[in-house]
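Visitor: Each chain, written out:
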Amino acid sequence: MNKIENQKAWFFVLPVLLLVAFNAIVPLMTVVNYSIQETFGDNTFFWAGVMWFEDVLHSERFHAALGRQMIFTFSILAIEIPLGVAIALTMPRKGFWVPVCLVLMALPLLIPYNVVGAMWNIFALPDIGLLGRTLNAIGFDYNFTRQPGDAWFTLILMDVWHWTSLVVLLAYAGLVSIPDAYYQAAKIDGAKPFAIFRYIQLPKMKRVLTIAVLLRFMDSFMIYTEPFVLTGGGPGNSTTLLSIDLVKVALGQFDLGPAAAMSLIYFLIILLMSWVFYTVMMRNEAQ
Amino acid sequence: MAKITLQGLRHSYMPNPAEPSDYALQQLDVDWEDGGAYALLGPSGCGKTTLLNIISGLLTPSHGQVLFDGEDVTQLPPDQRHIAQVFQFPVVYDTMTVYDNLAFPLRNRGVPEAEVDPRVREIAEMIDLTDMLDNRASGLTADGKQKISLGRGLVRTDVNVIMFDEPLTVIDPHLKWQLRSKLKELHQRVKTTMIYVTHDQTEALTFADKVVVMKDGQVVQIGTPVELFERPQHTFVGHFIGSPGMNVLPCEVKGGKAFYQDIEIDSWNAGEASDAAGLELGVRPEFVSLSESGVPVEIAKVSDAGRFQIVDARRSDQSIKLLVPEGTLIPEKHAHLSFAADHTQVYRDGWLVRGGQSV
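From first to last, the protein sequence lines stand for chains A and B.
For the first sequence, this note's numbering assigns the number 29 to the initial residue and increments by one for each residue that follows.
For the second sequence, this note's numbering assigns the number 61 to the initial residue and increments by one for each residue that follows.
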């Protein structure tokens, strides 16, 4: 085979390069730009080196927000993944109810984020909300605007309600792709229902579940609108997740340097953890 | 091991079947001898897989009974029938090793590990997987996976019958032959009843002692490969088995003699046939030869098939195929054909004429 040298082919890549430059590289570089400079307003900037990064990494406030973020993300993952798989397992594989179930499942995913926040805010209000009032009526002292525990409970419940469907749909897609022969072979081999789940269904769902975990991890780590509308980060700072804290720093206090450094660290954490997740979950595949 | 009897079996996938065409399986009465190697042969959609699933218990028939050694198992689920099945697409438990795959059916039945281990090793030896016992099953090639499926059947000591549902479909051609002879060898070794479903005549004829030929949900003939070749009970069998298939020509019978377009043809069963509509003569290309006199034909096409040549002869738009050994001189245009009398038979409405009536 003779290779034909044709450098002109690079021109085909040019449109994509421009697009990526304008929607990713250029905005990212402006953030990098802010993160290494100090400004006192009036549009003059001074070199600051890695000062802001050091500040952020040593700041207690950042540690606290990161901690809350971790707790939030791992709680919802621990609930949504098993719950989603369980729901997908109980859904019918064929017949009239399939489209009905799928549409019902997809509904929460179609609601805009701020609407979800507003809905749950009203739903959970202790005096007029259905959830809040009911809980109080049956004897719980529930008030998500005053008690941090209740705020967390509502926040996690809201996310589970909003996003478990995604896991269900992905897991369901994995389940329906299993050929009947597997179930028949398992029947003949005398496998019990748990063995069928453990050795057929779960392995066959592995790829879609990896995608589900990744998507839910990234999305929940970046979550902003829903908790902002629901609790606004309160009471106090108890539900101030990373993104909410970031907005407070950037737009509330207008500390551009620290905010930019925080954004970059935030971005790197998501990138790194996604990579770790993916590598760990795909590790067995390679063997 | 067991003798399998199918009694008055019929099956329809519809809730209220009325017409015969609503049935995927027409009336079926078949005995499968203990320890036999059977092939279930027929074109796609003839009901082979339906029949197989009824025997294995994955499907309950609309009518009739399935007996294992005289005992009615029609309502029993697959795991209580002690059967094993190898599917068209290899089924292995991806996350387990080859060893665990083979041990799976035993462990599910609560067999102690001390008994599982020697049994698994024995079977692995049989199917040549000893070297791979510790490998992950997902890494094996298609034929290796198919061997595991088979091994999961062999590993159990209580298996009545092992069924194969077109097991070589996804296997590379050069491995098909190997795996097929492996199956044959294993059958001779373990002597378990085996039923092999296929639409490939080569697979059926090489594997089985007895071939069950099916068409449109009906069994048309049960016989040894030789019987199917020499005495097809139905023109379909003649056509479906053999390459090229049997020549089927319209004929008349007058006074115990068969006539094809007013030319008298010697046929071993013409004497048993009475003159009626729907009579046909069947003769395999192997038993047609070129001769000095006989049926005058035009030679239309000659194709070389290695050790012999396939000659396509024409008589008034009807094609008669014959096989001649390589190197035989074939006339350019006009020729005469003769048919071997003891392999030329009369059919009525498709069925072989026997004792005055079609069977």
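Rather than coming from a laboratory, the hints here were simulated on the basis of the structure.
The reader is advised that the hints may include incorrect statements.
Said to hold, decoys possible - Straight line, CA to CA, 30 Å or less: simulated DSS-like cross-link-like pairs of lysine-lysine:
(1) Lys-242(B) to Lys-215(A)
(2) Lys-244(B) to Lys-215(A)
(3) Lys-232(A) to Lys-215(A)
(4) Lys-270(B) to Lys-361(B)
(5) Lys-251(B) to Lys-215(A)
(6) Lys-232(A) to Lys-236(B)
(7) Lys-251(B) to Lys-236(B)
(8) Lys-232(A) to Lys-122(A)
(9) Lys-63(B) to Lys-242(B)
(10) Lys-381(B) to Lys-215(A)
(11) Lys-381(B) to Lys-361(B)
(12) Lys-361(B) to Lys-220(A)
(13) Lys-215(A) to Lys-361(B)
(14) Lys-314(B) to Lys-270(B)
(15) Lys-244(B) to Lys-270(B)
(16) Lys-270(B) to Lys-63(B)
(17) Lys-215(A) to Lys-63(B)
Visitor: Given the hinted pair Lys-314(B) and Lys-270(B), is their Cα-Cα distance within 30 Å?
Guide: Violated, at roughly 36 Å.
Visitor: Keeping to a limit of 30 Å between CA atoms, is the pair of Lys-361(B) and Lys-220(A) held or broken?
Guide: The given pair, whose Cα atoms are some 61 Å apart, is violated under the 30 Å limit.
Visitor: Does the alpha-carbon distance linking Lys-270(B) and Lys-361(B) stay inside the 30 Å limit?
Guide: 35 Å, violated
Visitor: Regarding the pair Lys-215(A) and Lys-361(B), is the alpha-carbon distance no greater than 30 Å?
Guide: 53 Å, violated
Visitor: Is the Cα-Cα distance between Lys-251(B) and Lys-215(A) 30 Å or less?
Guide: Holds. Lys-251(B) to Lys-215(A) sits at ~24 Å (cutoff 30 Å).
Visitor: Would you check the hint for Lys-381(B) and Lys-215(A), treating anything up to 30 Å between C-alpha atoms as holding?
Guide: 49 Å, violated
Visitor: Holds or violated: Lys-215(A) with Lys-63(B), Cα cutoff 30 Å?
Guide: 22 Å, holds
Visitor: Given the hint that Lys-381(B) pairs with Lys-361(B), test it: the Cα-Cα distance must not exceed 30 Å.
Guide: 10 Å, holds
Visitor: Taking 30 Å as the top limit, are the C-alpha atoms of Lys-242(B) and Lys-215(A) close enough?
Guide: 26 Å, holds
Visitor: Are Lys-244(B) and Lys-270(B) close enough, with their CA atoms no more than 30 Å apart?
Guide: 13 Å, holds
Visitor: Within a Cα-Cα threshold of 30 Å, do Lys-63(B) and Lys-242(B) meet the stated pairing?
Guide: Cα-Cα ~24 Å, so holds.
Visitor: Between Lys-251(B) and Lys-236(B), is the straight-line Cα distance small enough, at 30 Å or below?
Guide: Satisfied, since the Cα-Cα distance of roughly 22 Å is no more than 30 Å.
Hints 4, 10, 12, 13, 14, counting from the list given before, are not met by this structure.
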